[in-house]
Amino acid sequence: MSDVAQLASTVRRPGVLAWFVNPYVQIINGALLDTCGEILLKKGAIASPTAQGWLSVVGLTPLASAWTWIGIVSYVLSLVSWLHVLRSVPLSVAFPLINVVHVFVPVGASIFLHEHVSGKRWLGICLIVLGVFAIIKPLVKAEEKL
Amino acid sequence: MTALAIFLCIAAQLFLVSGQILFKHAMNEAEPKPLAAKVRLLLVGVASQAVWFFLWLGLLQKWELSRIFPFEGLNPLLLVMCAWLILKETLTVESWVGIALITAGLTLVAQ
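Line by line, the protein sequences are chains A and B.
In this text, residue positions in the first sequence follow numbering that gives the first Met the number 0: the first is 0, and each later residue adds one.
In this text, residue positions in the second sequence follow numbering that gives the first Met the number 0: the first is 0, and each later residue adds one.
If you're looking for bench data, these hints aren't it; they were derived computationally from the structure.
Just to be clear, a hint being listed does not mean it is correct.
What the hints assert, rightly or not - When the alpha-carbon atoms are kept at most 25 Å apart in a straight line, the in silico BS3-like pairs for lysine-lysine are as follows:
#1 A:Lys-140 - B:Lys-23
#2 B:Lys-37 - A:Lys-140
#3 B:Lys-23 - A:Lys-144
#4 B:Lys-61 - A:Lys-136
#5 B:Lys-61 - A:Lys-144
#6 A:Lys-140 - B:Lys-61
#7 A:Lys-144 - B:Lys-87
#8 A:Lys-119 - B:Lys-61
#9 B:Lys-87 - A:Lys-136
#10 B:Lys-37 - A:Lys-42
#11 B:Lys-23 - B:Lys-87
#12 B:Lys-37 - B:Lys-23
#13 B:Lys-87 - A:Lys-140
#14 B:Lys-37 - A:Lys-144
Chain A with its partners taken away, still in its complex shape (with noise of 0.2 Å):
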């Protein structure tokens, strides 16, 4: 058997990939595509001149940058994954599990764009997650009937 046929048949046989597609790690995998997705979409869009007046209020420049791209790129995966993980796994624990990226995306943002994220900030994120958290019964309601 050639090696590449061998690799075919490992990568199809069951159990081998199966950790990939399990739902919870797919939350974790959806959250760090979303945090790289806005990390990208940041990039892009401090790659690219503002528009003068009005016009700045939508940001239409960072469309030029190829970071913005591959954030979109990302950002779609993110969804995907996520649509996958609703699929086998309910909304009441799917939600308060990819709220990690309430964490992700300031630690990502301090890491590699270099924000400083100060105490007031934490706190009020601390504040936010700790609300979605008491949101989530009535959420999965309205979710339900909206």
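Based on these hints, arrange chain B on the given structure of chain A.
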């Protein structure tokens, strides 16, 4: 943050949430509807999310990511508020606690 920036952050989240609800209704197998109606819902959903995306890029050009990303926390808050305002659902005590915490957190982040 400026009042305009805070307003734009909230507006962006409103467009994002509207898009999510529109997509859900377009794809929902439980409520059958003609193809034209599905396509219309999808198109309005895409337009809504496009508005969110370009508002978000505009905000990213001016503000730190770690400062505006927490506004994503408005997403669940807005869904619950929509259920309250549109469907006249009663809000439980835990909903109000959640709304108060998210609002307080955002006030700190926006300062």
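Results of checking the hints against the structure:
no. : hint                 : verdict
1   : A:Lys-140 - B:Lys-23 : holds (14 Å)
2   : B:Lys-37 - A:Lys-140 : holds (24 Å)
3   : B:Lys-23 - A:Lys-144 : holds (11 Å)
4   : B:Lys-61 - A:Lys-136 : violated (35 Å)
5   : B:Lys-61 - A:Lys-144 : violated (37 Å)
6   : A:Lys-140 - B:Lys-61 : violated (36 Å)
7   : A:Lys-144 - B:Lys-87 : holds (11 Å)
8   : A:Lys-119 - B:Lys-61 : holds (20 Å)
9   : B:Lys-87 - A:Lys-136 : holds (17 Å)
10  : B:Lys-37 - A:Lys-42  : violated (36 Å)
11  : B:Lys-23 - B:Lys-87  : holds (20 Å)
12  : B:Lys-37 - B:Lys-23  : holds (10 Å)
13  : B:Lys-87 - A:Lys-140 : holds (13 Å)
14  : B:Lys-37 - A:Lys-144 : holds (18 Å)
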